[in-house]
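Number of protein chains: 4
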Amino acid sequence: MPETNNNLLNETASGVYIISATPFTEDGAIDYDSADSLVEFYLGKGVAGMTILGMMGEANKMSSVEADTFMRHMLKRVAGRVPVIIGVSDPGFANMAELAAGSMDAGAAGVMVAPMAGLNTEEKLYAYFANVFTALGPNIPVCYQDYPLVTGVHISVPGFNRMVRDFDQLVMFKHEDCPGLSKLSGLRQSIVEDETLRRVSILCGNGGLYLPQELARGADGAMTGFAFPEMLVQVVDLFERGAIKAAEDLFDLYLPIVRHEQQPGFGLAVRKETLRRRGAIKCAAARAPGPKLSAVDHKELDGLLGRLDERLKDLN
Amino acid sequence: MPETNNNLLNETASGVYIISATPFTEDGAIDYDSADSLVEFYLGKGVAGMTILGMMGEANKMSSVEADTFMRHMLKRVAGRVPVIIGVSDPGFANMAELAAGSMDAGAAGVMVAPMAGLNTEEKLYAYFANVFTALGPNIPVCYQDYPLVTGVHISVPGFNRMVRDFDQLVMFKHEDCPGLSKLSGLRQSIVEDETLRRVSILCGNGGLYLPQELARGADGAMTGFAFPEMLVQVVDLFERGAIKAAEDLFDLYLPIVRHEQQPGFGLAVRKETLRRRGAIKCAAARAPGPKLSAVDHKELDGLLGRLDERLKDLN
Amino acid sequence: MPETNNNLLNETASGVYIISATPFTEDGAIDYDSADSLVEFYLGKGVAGMTILGMMGEANKMSSVEADTFMRHMLKRVAGRVPVIIGVSDPGFANMAELAAGSMDAGAAGVMVAPMAGLNTEEKLYAYFANVFTALGPNIPVCYQDYPLVTGVHISVPGFNRMVRDFDQLVMFKHEDCPGLSKLSGLRQSIVEDETLRRVSILCGNGGLYLPQELARGADGAMTGFAFPEMLVQVVDLFERGAIKAAEDLFDLYLPIVRHEQQPGFGLAVRKETLRRRGAIKCAAARAPGPKLSAVDHKELDGLLGRLDERLKDLN
Amino acid sequence: MPETNNNLLNETASGVYIISATPFTEDGAIDYDSADSLVEFYLGKGVAGMTILGMMGEANKMSSVEADTFMRHMLKRVAGRVPVIIGVSDPGFANMAELAAGSMDAGAAGVMVAPMAGLNTEEKLYAYFANVFTALGPNIPVCYQDYPLVTGVHISVPGFNRMVRDFDQLVMFKHEDCPGLSKLSGLRQSIVEDETLRRVSILCGNGGLYLPQELARGADGAMTGFAFPEMLVQVVDLFERGAIKAAEDLFDLYLPIVRHEQQPGFGLAVRKETLRRRGAIKCAAARAPGPKLSAVDHKELDGLLGRLDERLKDLN
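Residue numbers (our numbering), protein chains in the order written: chain A, -19 to 296; chain B, -19 to 296; chain C, -19 to 296; chain D, -19 to 296.
Honestly, I wouldn't trust all of these hints.
[What the hints assert, rightly or not] In silico DSS-like cross-links for lysine-lysine, where the CA-CA straight-line distance does not exceed 27 Å:
hint, chain 1, residue 1, chain 2, residue 2
1, C, K225, B, K225
2, B, K262, B, K279
3, A, K225, D, K104
Source of the hints: derived by calculation from the structure; they are not laboratory data.
Isolated chain A, as found in the complex (with noise of 0.2 Å):
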């Protein structure tokens, strides 16, 4: 039975919406036992909400009928506690839309799009996003994932705030363009000199490298899958608090392992050993073809997360 919907996602949404990984077996199988745990992880550490069937979450390596059926496995879970974002990018528009829909019925809280490869006019961008807006109806909150690394997509300032007024159901952006500060700074400079400028949500990606430049230009929170999300919601909070000076602080003790993490590609097997070592999920594997730790790489994360652990206890 879907959940009741009240919580739909909009322009204040702030704090830690973190990525969920999406648990596998060793065989390549989901592991619906792990989705459980590692949902009540990312709730203990005291996300605002989730994202799943993001990149991260190996969408792609889904089929059709697996990736319904773990969004509304992680919906039931989650059961309404937190609002939960579903990455519903697809090359067909109706497969996305299908996705969305059951989603929303679902309980979700909205939805998040990436544009498809090979946009490359803002033009061609902005029409892509219009037959979006009309292929998912006017009543689902949508995040724009800006991740051009991926992607291989870029938005500007006046592009991005174009779609803003034209659409309503736009409510969020997920910046994760890299160098991307100076854009964050724009789109906030942007409503400062347009009053009638719709302020939308900024949640910061790239693993949270950033993280405190982000928050000083403006973002309201993070939305990557970092795996100390506890480290995240900290620093948003004490940066909310205007706590800055202790932010950065705990922000450096982490650092060292946010870079290791934002390796690309390399960093998914990173993220999810790490959350298997701290009990999250039972197995590391991504589904194939997906990367893998070598011995070297093992004891490298040993020795990183051994220096994180000596510093958290001379901190106490």
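Starting from the structure of chain A, add chains B, C and D where the hints point.
What follows is chains B, C and D alone, placed relative to chain A:
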């Protein structure tokens, strides 16, 4: 009930394997009536084989269930009259293997696999295909789709030959690099220089744009979706019979259309519209998001097709 | 002594601006004798203008000093008989401006600039060209080279029109996107819809592969390096006189060669060899590293040129 | 007068080869006074070598003449105190060879070459470097720059080892792939598995972002332009003496800045501004077109540098 599968793809495949479009209705549903008429259209033009669920077939805009259903429908309609190759490229090996196994059970002759984006060295490419072959098992004949314009993945002559040596189920090379003529010559030269190297079938793509040159350099035929398959069939046939001049004369008649259809992305709309005008399908629409013809595009196509008609009349 | 420069490039430019090859000797030196004969060859075919130091001119393999010397040599040889455009694209504005100023002093009609790689939004692209126009100053007429296959930079119709409105010295669009026919129609439609918008000259590249379609859609001519400039000249001329069918008939005769030359990278070797065979230059070598023709490639070219000869004989 | 060149680069090179910025004045001229002070700044921090005319050195925005003049100036100023490597990457072999020969005559220790864009198979890459080595001759030591983020060209462990076996003048690998840690381990594992394989020097780039991990995996040092070379020098030194924990502790102090400088493109402006604040150069401007810091960027940098100062004070 699956066809008995006594017609597995092998290294001797030659002639024209037409890449089939997937017909949709105006509202985006798969048009199975048109699928049937399209099969008869292709077979009526004398093609030696058929490939479905390729890039041109808009496979990435179908759900897993749709792809499976369409595959079974097409195999049933073809009913063993020609061998059918199924495109099974997928970001995940499990889905790829499932579609491949289902296809072979349903009577397919083999499968086609394009490398995943991001395989940026031939070491990674080899490792990827080693895993593909493991995932598919030793009994499914495979065609390697070499289409770097879309995949961004490149393979050299020694890189492909290494796979031929190591994987017996690799029986066909779909040649679609551009420029790719020297690679084609290199592949054929390899079997002259090393008699132990297995000679695989090479069928050419690129809409047939270099077909006479490719046949002269040792290709065994074409695997492409040109909307006038009869030209491809006759050119290949004339070449086989040594009537090179006649083959080139015929090819040149159609070259303005070949070139027009070969515009990346946009060409799909031209091709489907031409198939519609020829009575092969009822509706030319590509699934959204997809290219559409404007009024100017239609008029331009009128002109090009009109010129072809006149030339064909002159010929007779 | 520099030519007096009373023939600045402007929006009315039309006809064929041939992109000149740069002739080298076997050991890689600039072959100035062949440069002279090449100029006479081009002018003898009736071209309306000439473009040097373009991508096809291997400008990036010349030193700054060589480029300057070659530019002066060519301008002196042309001696004002037709307008000459100088390619001045450069990673640095200072070098770009220096070559541009030197060229105009030496009698050039204008310069051509392609956007630097990495301009991945039209905001960045606009800002880049605003700086280019500042660096060049208001008195140098500029042709925008839209060649995304090589630059990776894309521009939309509104994006280009914005530049036309803001920069008077932008007088020409070299149209070389592919597919690009709808962009061309869009640019011409813009001046119908907005009468205040300046109409700039549009000359087409892509080796002439879509020349009849482009002329029908409002192009003013061609700017490309096809080794049979007389075909381009006659087709543009026939089109202007309304003899569309004759234009297309002539074009189609050459289309197999046009297509053959249009292979990315490799085509340069085909083109220079064809120029050599036609007596325009003494040596077909591209500067290292560059493409070379194998024995098979030579034989293939023999065949294609032989077929053209026969068709031209049939014509007369 | 050229230095006598008794210090040719070889496989034993280790430590920190700083990549030198090129200082410009506000109006874009090369600032030779700042070049001198920058040399003294770097040498004063204990670097083992220096690399000039790299990508970070904005070499592509200099004319051939400027590059030659700057190279001679820098070599004269360094005056043999440390070996200097000259970046000679160029689209043309003739220009590359001329700069390389001039550099060696003027006292350089060796040259660095990055592969040309478009070398999309290792076969092409090998052929390219075979021609590079021929063009440079056997007496110029070469560092291979593996920087696919910028070049788009990828090399595997077997691909690099093949070059090491075939070209004696290849003595160094600049490791700048990302993620690249497993490649680094693979290169070092190769010489364990094949004792006949020459061990070349490996210096790491990426701004030092993974320096401790890279040293642990067998790198011999760093070749990057981080604005605090003393950190790189000390970390490498501590590692060599086995003081791993101390090395990592020191590294982590600077990591927020390392990460900040490592933003693609934008990082150059951060780096030059930091060098300016430290008194190494007079003006932070990059040559146009280049990145610039906004007021917000400056304030952000204030904060990051302020935090570093405090941490360094705490350390002492």
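Hint by hint, here is what the structure shows:
For a cut-off of 27 Å, the pair hint linking C/K225 to B/K225 stands: about 25 Å separates their Cα positions. Taking the CA atoms of B/K262 and B/K279, the gap is near 19 Å; set against the 27 Å cutoff, the hint holds. The suggested pairing of A/K225 with D/K104 is violated, with an alpha-carbon distance near 52 Å, which exceeds 27 Å.
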